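Peer 1: What follows is the residue order along each chain.
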Amino acid sequence: MENAILFAPELICLLMGLVLFFCTVLNRSYRTTRGIAIASGIAMIAACLWTLSLEGEPFFPGIYAVDFFSQLIKTVLAVGFLFVVIASANPLTVDRNGWLEVPLFFIFSTLGMMMMVSATELLTLYVAMELAAYPVYIVVALHRNADIGGESAAKYMVQGMAASAISLYGMSFLFGTYGSTYFSAISIPHAAAHPIFYLGLLLTLAGFFFKLGAFPFHFWAPDTYETAPHPVITFIATVSKIAAIGILCRLLSLAMPGGWESGHAQTALMWASVIAMSLGNLSALAQKDLKRLLGYSTVAHAGYVLLALQTFAEWGLTAALFYAIGYFAMSFACFLVICEIGRSEDRITIDSVSGLYKRAPFLSFTLLIGLFGLIGLPPTVGFVGKWFLFSAALQRGQFYLVLIAAINAAVALYYYLLIIRQLYWVEPATQNTIKPTPLIAVTAMATIILVIAMGTLPGPFWDMAARAARALIS
Amino acid sequence: MPLLSSILLTPVITLIILLLMPQKAVRGIRLICAFSGLLTCVLSLQLWMGYDPTSGGIQFEEIIPWVSAIGISYHLGVDGFGVILVMLNSIVYFTGVLTMWDLEDRVKEYFAFMVLLVIGVFGVFMSLDLFFFFFFYEIAVVPMYPLILIWGSGNRAYAGMKLMLFLLAGSALLFPGLLAIYHHAGLNTFDIIALSAHTFDPQFQIFVYPFIYIGFGVLAGLFPFHGWSPTGHVAAPSAVSMLHAGVLMKLGAFGILTVGIRLLPEGAAYWAPTFVVLAVIGIIYGAYVAMRQTDFKFVIGFSSVSHMGIVLLGLNLAVLGSVAATDALNGAVFQMFAHGIMTALFFSTAGYIYDKSHSKTIADFGGLGAQMPRAVSIFIVAGLCGAGLPGLASFWAELLVFLAALKTYPIAGVIVILGLVLTAVYILRVFNQAFFGAPNPKWENLKAQDMSGLHLIPRAILIAVLVIFGFVPRLMLDLINSTTVAFLGNF
Amino acid sequence: MDTLSLILLTTISPLACFIIAIIFLVQQPRAAQGLVLFGSAISLLSAIGLLVQGPVEPLRFLWFQSGAIQLQFGFILDGASLMFGVVVAFITACIMLYSVGYMAHDPGKTRYFALLSFFAWSMLSFVYAVDLLQSFIFWELVGLSSFFLIGFWFEKPEAAGAARKAFLMTRVGDVGLFIGILLILQLVSNFDIPSLLDPQTGLSTQVSPGILNAITLLIFIGIMGKSAQFPLHTWLPDAMEGPTPVSALLHSATMVAAGVFLMIRLHPLFMAAQDTALIVLSIATFTAILASTIAMVDTDIKKVLAYSSISQLGFMLMALAAGSLFAGVFHLITHAVFKALLFLCSGIYIHAYHTNSMAEIGRSGGRRLKATTLGLIIGGAALSGVPPLAGFWSKEEIFAQLGHNGFNIYMAGAFLAAFLTAYYTFRMIFLITKPDQAPASDHSHPEPLNMKAPVLILTLGAIVLGFFGSNIAQGLGLIPQHHSVILMISAVGVVILGILIAYFDYGRDNAPRTGFISKIAPLDTLFTNKWYIDDIYRVTIVAITHALSRILHWIENHVLDGNYDRFGLGILRTGAKSTRVQGGWMQLYLGWAIILLAVVALYLGLQ
Amino acid sequence: MTLEAYLLVGAALFSLGLIGALSHRNLIALLIGIELMMNAASLNLMAFNRFVVTDPTTGQIFVLIIIGLAAAEVAIFLSIILRIYRAYHDIDAEKLTKLSG
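Residue numbers (this note's numbering), protein chains in the order written: chain A, 1 to 474; chain B, 1 to 491; chain C, 1 to 607; chain D, 1 to 101.
These are calculated hints, taken from the structure and not from any lab test. Quantities reported herein were computed from a predicted structural model and do not represent experimental measurements. A virtual CB, placed ideally from N, CA and C, is assigned to each residue, including glycine. One should not assume that every hint holds.
Unchecked claim - Here are a few chain C residues that sit away from chain D, every Cβ distance over 12 angstroms (derived from the structure):
| id | residue |
| --- | --- |
| 1 | 28 |
| 2 | 155 |
| 3 | 190 |
| 4 | 576 |
| 5 | 591 |
Unchecked claim - In the PhoX-like style, the derived pairs of lysine-lysine whose C-alpha atoms are separated by at most 25 angstroms in a straight line are:
| id | chain 1 | residue 1 | chain 2 | residue 2 |
| --- | --- | --- | --- | --- |
| 6 | C | 530 | C | 156 |
| 7 | C | 156 | B | 447 |
| 8 | D | 95 | C | 577 |
| 9 | B | 360 | B | 442 |
| 10 | C | 452 | C | 370 |
| 11 | C | 303 | C | 434 |
| 12 | C | 434 | C | 519 |
| 13 | B | 360 | A | 435 |
| 14 | B | 447 | A | 358 |
| 15 | A | 358 | D | 98 |
| 16 | B | 356 | B | 447 |
| 17 | C | 577 | C | 303 |
| 18 | C | 370 | C | 303 |
| 19 | C | 156 | B | 360 |
| 20 | B | 360 | B | 447 |
| 21 | A | 288 | D | 95 |
| 22 | D | 98 | C | 370 |
| 23 | B | 24 | A | 358 |
| 24 | C | 452 | C | 434 |
| 25 | A | 435 | B | 24 |
| 26 | A | 288 | C | 577 |
| 27 | C | 303 | C | 156 |
| 28 | B | 24 | B | 108 |
| 29 | B | 442 | B | 108 |
| 30 | A | 358 | A | 435 |
| 31 | A | 288 | A | 358 |
| 32 | C | 519 | C | 303 |
| 33 | C | 370 | C | 434 |
| 34 | C | 303 | C | 452 |
| 35 | B | 442 | C | 156 |
| 36 | B | 442 | B | 356 |
| 37 | C | 519 | C | 530 |
Here chain A stands alone, though its shape is the one from the complex (with noise of 0.2 angstroms):
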């Protein structure tokens, strides 16, 4: 019964996936489909919540881990999930086939997440990524246009499967070198130094960086993010980014008494790092369609987050975490008005948005505080997120490397600014408003807050990160 107690949140996945199978082959309407999802995102929130403080590993010791780490970031998981099938509310760009089986995808996807960020050893690990990755692939390829759906499907999954090959082709090197899966005999301090170690450790996160769009793994991202139907990337972008910086973190806290001090691997992750910021903003700088844009934006985040996790230090762990459940708000808030805005529109451009203020006031704060967030500015969590990152940096006395990132912050100005007056200041090409439905309007609600609240009250997610962030340490 503990053990069912500490596994609350997969079970409810698992059974509320079952549920909602259940309602494809029964062919329900889409929106009891809907309703039974968002029930479901809620009791597994209220699950994650009950199991945040547990620790422990059920069923199967040392392959599964419950800890505090896990458990926030399976919370954040599962408001991302319950957020996102709130978004797709009548998914038009969605195959009218389709629509049944998008929060079923979503809901496995998330089961894979869950159990990704728990598992301590290399198979669970491998069958939890591909779990998370298979229901993706799928509902990327679910557009209405098959031939857009297709190519940008075929682009996303050609990486995901490679990436997920050369994952394992470095697993199998952490097995020969340690004779074992468990993480807890792989990470051992001495042995650490070893360079195979780091190359092991290095090919392994292939797979993972191409979750989280880091270079060179990002090639998708921004052909993905023009492409694939509004919800489905919002999911990519927002709920599985939060699993990909979670196991990032447990893969590199592995390395991480010698990670430094070695510099083998930190020198990889920093120029990975330095590449992916700069590439990301240049690129972004010429883009034209919002969610190609977005698209670059995020591979230029995940160098931001790169740059702490290099610095293989409890600081970095911590602001990668923060700026994590950060980002995952900043981007929802901006993917959730795309959304809104796109329900019937396969492409967003930048000219989509002209004069937003005045079809939907609500929205265009909504998109506006969340580009503010993505730029960095405060009140909102983007500015102290970037403020902690860059700290976990120079506590290692990297201040050039700062200085690119922080120019970097600047360059990315250009572009968000550019969005942003289209929103506000450019007259609208149709007087269309758009009003949000009451549901939407308070998940748009939410994310601001917590946009505003984590920026201007960092406290409390500060010390929740440092906790998870000492639990994969110790």
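We have chain A already, so just place chains B, C and D on it with the hints.
Peer 2: Only chains B, C and D this time, still in chain A's reference frame:
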């Protein structure tokens, strides 16, 4: 309720109320803002009265741990400089609201952004924690973009973008600089007071100081990074220009003072000669460039570059540890205040003329003095203050800085004093081309639209402040001087 | 009444009038006019009251403190300031009275009277200032108010231009003065005039002669600007664009006299700085001659008077530089009276005939204005130094001082200037009173009483003031020079010579009505073109300033701003290029990733 | 055979798979290339299992699961290929370049 938090929370609450008000309640929005401006003025006056200059130092401290794990705390407190600048911001806020009383377009949003800007400025002047200092600093910068973009004029998209890019590029230098200070001290606190007790390694100070100086300096119109400021001023609506040139640019100088000089005195001293040269160039350069501008606001914009050069000059002279350090710092802080009020007056009046005529081209007017005597007179007062005329506040500031310059670097001193003539040249050029001479019949319709009633109130307040401190500088100098002595005593 | 309230009444009442008039009485010009006249009367009476009370110790209050610097605010009440204060208040009152008639129909009457009041306030405060910085402040305010008064008819571009020129040129001088007093502050941290001048502990005992010379020279630059000495004199003739009463006020007793008065105030310092004194003497002498030569050929009555002012200010500075405080003060006071008189007379002519040309005034029947013409002749004679009028005595003092100290070259210069003065003054008188053709029409212009009365009062002053020399000397605590008879006779001789030549050129029947100088063509051209000084400025300083501002403006737009923009665009272009990596072909994406991974693997392998 | 030999074979297999995935335009060939890469990993796992590890079951289970998941992956990818084929009537990777830049 602690006084500083009350001052800070007044605009915060105003902002929340504004966001909850309906779009249409234009009158109510204006009244609320005016009331909040007045309230901050009253509270600031209380602060001014309550500050005890005899004991000097930081007073009205409030500390609430914010993120205690890494040493961020909500630490407010003001020294004499802070008191004065808080007062400045209150005055400019209040008069700025009154200046924009006639605004009809998207009133709610306008005032919301403006109040956000005010919050940021108050926060910077009060914060004694590096995190919050920077936090509020950025808050103050953010609203500039929408304000310029939506309510501005002319080439506003370009100007707003340029302004933001310059300022955030400045922040990009500050980010590593501020964090390096924190980590290098190793005290696990962002508290400026605690950090100032720590002596940083001189090599480190020399390395980091330019980042801090240039990073904040961009906002203070530091030559050659001033390009954003005239363009931004020109495009912004008048009350935004008022806040921008009047208060926002002071944030930069205040940042150099509070973070740069207070924490890194040796670095500051090492770099001071270089930056003195830049400041002197800025003063002269701004004046010369202002001479050729064809647009009112560009003239004022470049004059701001020139006048802020005086502030920067004073700050740099203060750290050289010479006998004139006190005068230099007194002068620099006095100039922050005086220039703030002066440019507020400038922009408020230039904005008025623009609103009525929709022309900013100097040569377009000619003899406006006969058509809008009141507006023109007020502009002239501001111009004369800019020219450093005695009897108006900035005279004292310039006097003190020039004195220090003459003592420390006689050649620089003579050059900047000669700059006074250049200032007079460009100011009088504006007067002669726009206000004097044969009246242009094109503007006969403006006769009926001269400033009156409500429009005169904010300008009258600003003029009164200028004149009062012009003739009774003691009111402020006593406050500044005691703080300066304490400040320099820490070196 | 005690001294403090008297001094406050003297200085503050014009200020109060200014504030009330400018704020409340814009729509009621008559009330403003009355108020201002009333204020000026109070000011005059209290100034006289102060003079009657006699010199007292200075009054001082702490103004502010910054570091080691302590500044006082207060009033110095010695002979010089008391007497000059009365003169200023008196002339101001006369001119205000006169203006009631002169400006009767001007729409900007309130502004005019308010500005006059403001001017009176700044000038009086300057005269009584105890602290050098306080002096400087009011010195600047005097400059400011003269800017507004000269540019009073700002709709006329010439007036606006003249005002600007006056402000800028005096400003150039002020910069010198400012640096000078900042140097003093730096050296002694004190601005209190009496203690600066103290023979035992004052400035001259504390600093080396070289520095003292530098300081006094810098101060003299300020005086040069204000008192229109070569080379900063060209603003003064232009300033005649202002209303004539303003010219009378500014260029007789007040604004331009401020420079001389500053030198009077700091006379001991200048005496201690030998080199500066010599420089001042040379410049003053040269200016006196230069201005007189231009006055010889000018045809505009106000311009002639303006150049005459420059030249007489030169005389005063000569006296002071030669070492006689008394001569300087005496000439300052007499000049104030007769020059005000002359300006007021010219004002009546201009008011009546709407022309500035002397010949035109004569032709229109200028001499029919009896009281005015009387004033013109008496004032002119006093200016020329015809005994026993006021100017004679004060000039006599100057010659005596120059002779006493053996400045023979300068005395020769002074004689030349005196000769020229007599010549151009009587040229003016003859041009007006003996026109070349009889007046065309016969209708006579009334001379309004409120314009006539000040003229008559000042005429009286010009006649009698010369006899009060010993009282003035007493007031200053000095003994006047003994007049040498030879000097006196030769001076009178020079004056008579000048008058005779003027008579020969302009006064007699069938006079040629061209000056003798026209026979020497190069000099004539030089004088008519005002020695080309304005033109030299135009091609040098003005041109350089314009060129510099053009260059820097270009730099701002093309080098700084242009490069920032180019830099920004460069980044944007790099951004556009960087998207080529994202070629669209999925295997390309995969290839990139693999290559980079291989690099990492190689790097790790090499480690 | 030593461990090194197995690892070399594995590396060769991985590289071949990679080259296949990069060079073939046909999406199915691409898929096969990636499958080869996974098989290389499987081979590695088995080799390590044989030579290094004390508990011989771990690697075997791992490989079995990889095989299972690979099958699922192939199924999903094939369905996507079908969708592409329906839209383009072609499964050439080089033609799927509508999205770029």
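Peer 1: If any of the earlier hints don't hold here, list their numbers in rising order.
Peer 2: 4, 5, 13, 14, 15, 17, 22 and 29
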